[in-house]
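4 protein chains.
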Amino acid sequence: MKTGRLEAFSDGVLAIVITIMVLELKAPEEVSLEALSHEWPIFASYLISFVYLGIYWNNHHHLFQITEKVNGKILWANLHLLFWLSLIPFTTSWLGQHYTNSTTVSLYGFNLLMSAIAYFILQHQIIKFHGTDFILKKQIGKDWKGKVSTLIYIVGVCLSFLNTWFAISCYVLVALIWAVPDKRIEKHIL
Amino acid sequence: MKTGRLEAFSDGVLAIVITIMVLELKAPEEVSLEALSHEWPIFASYLISFVYLGIYWNNHHHLFQITEKVNGKILWANLHLLFWLSLIPFTTSWLGQHYTNSTTVSLYGFNLLMSAIAYFILQHQIIKFHGTDFILKKQIGKDWKGKVSTLIYIVGVCLSFLNTWFAISCYVLVALIWAVPDKRIEKHIL
Amino acid sequence: MKTGRLEAFSDGVLAIVITIMVLELKAPEEVSLEALSHEWPIFASYLISFVYLGIYWNNHHHLFQITEKVNGKILWANLHLLFWLSLIPFTTSWLGQHYTNSTTVSLYGFNLLMSAIAYFILQHQIIKFHGTDFILKKQIGKDWKGKVSTLIYIVGVCLSFLNTWFAISCYVLVALIWAVPDKRIEKHIL
Amino acid sequence: MKTGRLEAFSDGVLAIVITIMVLELKAPEEVSLEALSHEWPIFASYLISFVYLGIYWNNHHHLFQITEKVNGKILWANLHLLFWLSLIPFTTSWLGQHYTNSTTVSLYGFNLLMSAIAYFILQHQIIKFHGTDFILKKQIGKDWKGKVSTLIYIVGVCLSFLNTWFAISCYVLVALIWAVPDKRIEKHIL
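Those protein sequence lines, which keep their order, are chains A, B, C and D.
To get this note's numbering, take the position in the first sequence, counting from 1, and add 2.
To get this note's numbering, take the position in the second sequence, counting from 1, and add 2.
To get this note's numbering, take the position in the third sequence, counting from 1, and add 2.
To get this note's numbering, take the position in the fourth sequence, counting from 1, and add 2.
Treat the hints with care, since some could be wrong.
[As the list claims (entries may be wrong)] 30 Å max Cα-Cα, derived DSSO-like pairs, lysine-lysine:
id	chain 1	residue 1	chain 2	residue 2
1	A	Lys-71	B	Lys-4
2	B	Lys-28	C	Lys-28
3	B	Lys-149	B	Lys-139
4	C	Lys-147	C	Lys-75
5	A	Lys-140	D	Lys-4
6	B	Lys-71	B	Lys-147
7	A	Lys-28	D	Lys-28
8	A	Lys-4	D	Lys-71
9	C	Lys-4	D	Lys-4
10	A	Lys-139	A	Lys-149
11	B	Lys-4	A	Lys-4
12	D	Lys-71	C	Lys-71
13	C	Lys-140	C	Lys-4
14	C	Lys-75	D	Lys-71
15	A	Lys-147	D	Lys-4
16	D	Lys-75	D	Lys-130
17	D	Lys-4	D	Lys-140
18	B	Lys-139	A	Lys-4
19	C	Lys-71	D	Lys-147
20	A	Lys-75	B	Lys-140
21	A	Lys-130	A	Lys-147
22	B	Lys-75	C	Lys-144
[Said to hold, decoys possible] Negatives, chain B to chain C, calculated, CB over 10 Å:
id	residue
23	Pro-30
24	Ser-39
25	Ile-50
26	Glu-70
27	Thr-152
28	Ile-156
29	Ala-177
Simulated from the structure, these hints should not be mistaken for laboratory data.
C-beta: ideal position from N, C-alpha, C; glycine also.
The shape of chain A in the complex, shown without the other chains:
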C-alpha cells in the first residue's frame, strides 16, 4: 500500500482538529478589551495546543516522507495517534476554563502523554515493517527527544497535583524542544 491516502486523511483530521478548537473560544459578555484580557488562559491554552498540533503535523510530515509503504498495523497505529490528538480540543477547552485546577491540568498532560506514546508506537511499527536497514532507524537513533518528552510529560502530570504552574511549564518545555523540526530526518532528506 502507498502512503498517499493515509497522509491525506491524517492531514484532514489534523487540519480539522487544529481549527475546531477556535469554536471553543467564546467572547466575554462584556464587550471591552479588559473583559477579553481576563480570558487570557483560554487563548494561551489555544496557542499551546495549536503549537503542539503544528509540531505533530510537522513530524508526521517528516515521518511519512521517508516511509515507503504501509500495512494494516501502521494504519491502526496512525488512527490511534489521531484518536488522542482528536481529544485535544476537549482537554484544551477544559484547561483554558480552569487552569489552576489539578484535574484539568493533569488531564491535558495525560492527553499529551498518550499522543506521544501513540506517535512512538506508530514510529516503531513503521521501522518494524521496513526492516533494520531502514534509514529512519538510524536517524532517530536512541530517540532521546521522544524519551525525554515522555519523561517530562509524566513529571508534569504528577506535578499538576502539587502546583499547576510547574506542570504547565513542563508542557511548554516539551513544545519548545520539538518546535524545531526534527533535524535528524531533515538532514537526510535535504
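Start from chain A and add chains B, C and D according to the hints.
Using the frame of chain A, we list chains B, C and D on its own:
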C-alpha cells in the same frame, strides 16, 4: 472517470465526521476526575464510533485501491454511504447521553446497519461496473464478513428493546470482526 | 494555472459544508422514537440539502474534469459559488425548524437560486476562458437543465408566500432533475 | 522537502476556517424577513471575512505555485499565518454582534494586521530560502500592496477608537485592493 477526486472527497467527509464528534464532548460542570468519570458512557460511545469510522475509512481505502474507474451510480452509492456515516456523530451523542435507553441504542444500531447496507451497495456497484473477472469479486467471495455483520446488527437492534447491554455487545463484536483490515484484499495488493 | 489545488480546496469546503449540517441536528429532550419522529422536518431538510450538495459536488467534479486551466476570474467565480453553498447549513437549519413558514422556505429557495446562478457564472467563465471550440460549450448546448431549474427555483420562492408545500415540491423537483449526473459531459469522457 | 503536503494541509485549514464561520450565524428567534434583516451586521461581517479568506487562499495558491522547496522555517511561518487566520471566525463573530464597538472593530483589524504580517514573514522566508535570483523577489518588487495594506490596517485599528465606520471602511478598502489576484505573479506563470 478516475477515482482520485472521489477518494479525496470521501476522505474529507470521513475526516470531518470522525473529528466533529469531539464537539459533542461536554466537560462536566464540577471540575474533578470523579465528575469526569461519570461521563464515561459519552467517552465510550465516542471511542466505539471512532473505531467504526476508522474501519470504514480503512475498508474504503482498500476498496478504492483496486477500483479502476467510477460511473454515476458509484458516485451516488458513495454519497449514500457518506450520508449514513455523517449521521454517526448525532446518534453517537444521543447514545452517550442515554446508554440504557432502548431508543438511542436501537437508533445507533440502525445507523450502523444502514451504513453497512450502503457499503454493500457501493461494493456491488463497483463489481457490476468492472465485470465478472474483476479481482474484487474473487476476493470478497461470498462476503461472509459483510453478511454476518449485517445479521449481528439486526440482532443488536432487536435486542436493544430487551437489554441494551446485549445490543451494545453486538455492536462491539462487529467492530472487533472488522478491526483487522480486510486480508482478502490486502493479500492481493502486497 | 492548473486546476488541482482549486479542486482540492473546493472539495474541502464542500466536504465540510455537507458534514457540519449534522451539528444542527439536536436530539429531542424526551428520549423516545415518537419524540424523534416529531423532528422529521429537521431530518428531511438535512436529507434534501445533503442531496443538493452531493449534486453540486458531482457536477463540479464533472465540470473540472474537462477544464484545463483557470484564471483569476474562474477562481473568484468558484469562491462565489462556495459562498452561497456555505450558507446552506444555516438556511437548512432554519427551514427544518419552521418548515411551514414562508420566510424560511423562501430563504432556502433563494439560497438554492443564488447557488444555481453562481454555478452558471462559473460555467460561463470557464467557457469564455477556453474559447469557442471548447468541448464544454457543445456539451451543455442550450443548457436547458440549468435554465429550467433557475425558473423552478424562482417559481418556488414566489409560491412559498402562498403555500410552503408547493415551494418545497419545487425544490425537490429540481433535485430529482439533477440527481442523475450530467450525461452530456459524462458521455464525452467515457 | 516538497510543497505538496504543506499546500494540502493549508488548503484543509483554510477550507475549514472559511466554512465554520457559518456555525456562528444564528437564526433570529422571531421568524420573519424583517427579524432576519436586523441581523445584517452578522451577515456583512461573514461576507467580509469570507472575501478575506478567499484572498488569502488565492494568494497562498499563487505563492506556492512558484515555490519549489520548503524548509523548517517556512513550515513554521506557514503555521504562524494559519494561526492568525484560524482566529478570524472568532473575531468575525464578535464584530458581527457589536459592530459599533471600538473593542470588536479594533480587534478585528488587529487580527487582519497580524495575518498580513504573518503572510509577509512567510513570503520573506520563501525568498530567503530560494536565493536572490528567485523569480518571486523580482515579481513582488517593493511589495507596495503589502506595505500599503499594512499601513491601512494600522490606520483602521487607530480609527476604530474614533469612529468604527471609518475603521470598517479601511478593512473593506484593503479587501478591494487584493480581490484582484496578484497580477505580478500570474503574469509570470501564464
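Original post:
If you draw a straight line from the CA of C:Lys-71 to the CA of D:Lys-147, is it 30 Å or shorter?
Top reply: Given that 30 Å is the threshold and the Cα spacing comes to 26 Å, the pair holds.
Subject >> Claimed clearance of chain C by B:Ser-39, with the beta carbon kept past 10 Å >> reply: holds (23 Å)
Original post:
Since B:Ile-156 was said not to touch the interface, does its Cβ keep a gap of more than 10 Å from each Cβ of chain C?
Top reply: The assertion about B:Ile-156 holds, with a minimum of 17 Å to chain C.
Subject >> Satisfaction of hint between A:Lys-149 and A:Lys-139, Cα-Cα up to 30 Å >> reply: Holds - the C-alpha atoms of A:Lys-149 and A:Lys-139 are around 15 Å apart, at most 30 Å.
Original post:
Are the Cα atoms of B:Lys-139 and A:Lys-4 separated by 30 Å or less?
Top reply: holds (22 Å)
Original post:
Are D:Lys-71 and C:Lys-71 close enough, with their CA atoms no more than 30 Å apart?
Top reply: Answer holds: D:Lys-71 to C:Lys-71 is near 23 Å, not above 30 Å.
Original post:
Does the alpha-carbon distance linking B:Lys-71 and B:Lys-147 stay inside the 30 Å limit?
Top reply: holds (25 Å)
**OP:** Against chain C, does B:Thr-152 hold up as non-interface, every C-beta pair farther apart than 10 Å?
**Re:** It holds; B:Thr-152 is separated from chain C by about 22 Å at its closest Cβ, greater than 10 Å.
Original post:
Is the Cβ of B:Ile-50 more than 10 Å away from each Cβ in chain C?
Top reply: holds (17 Å)
Original post:
Hey, B:Lys-4 versus A:Lys-4, does the alpha-carbon distance stay inside 30 Å?
Top reply: holds (17 Å)
**OP:** Would you mind confirming whether the straight-line C-alpha gap from C:Lys-147 to C:Lys-75 stays at or under 30 Å?
**Re:** The given pair, whose Cα atoms are some 24 Å apart, holds under the 30 Å limit.
**OP:** Could you grab the alpha-carbon distance between C:Lys-4 and D:Lys-4 and see if it respects the 30 Å cut-off?
**Re:** Cα-Cα ~17 Å, so holds.
When each numbered hint is compared with the structure, no violation occurs for any of them.
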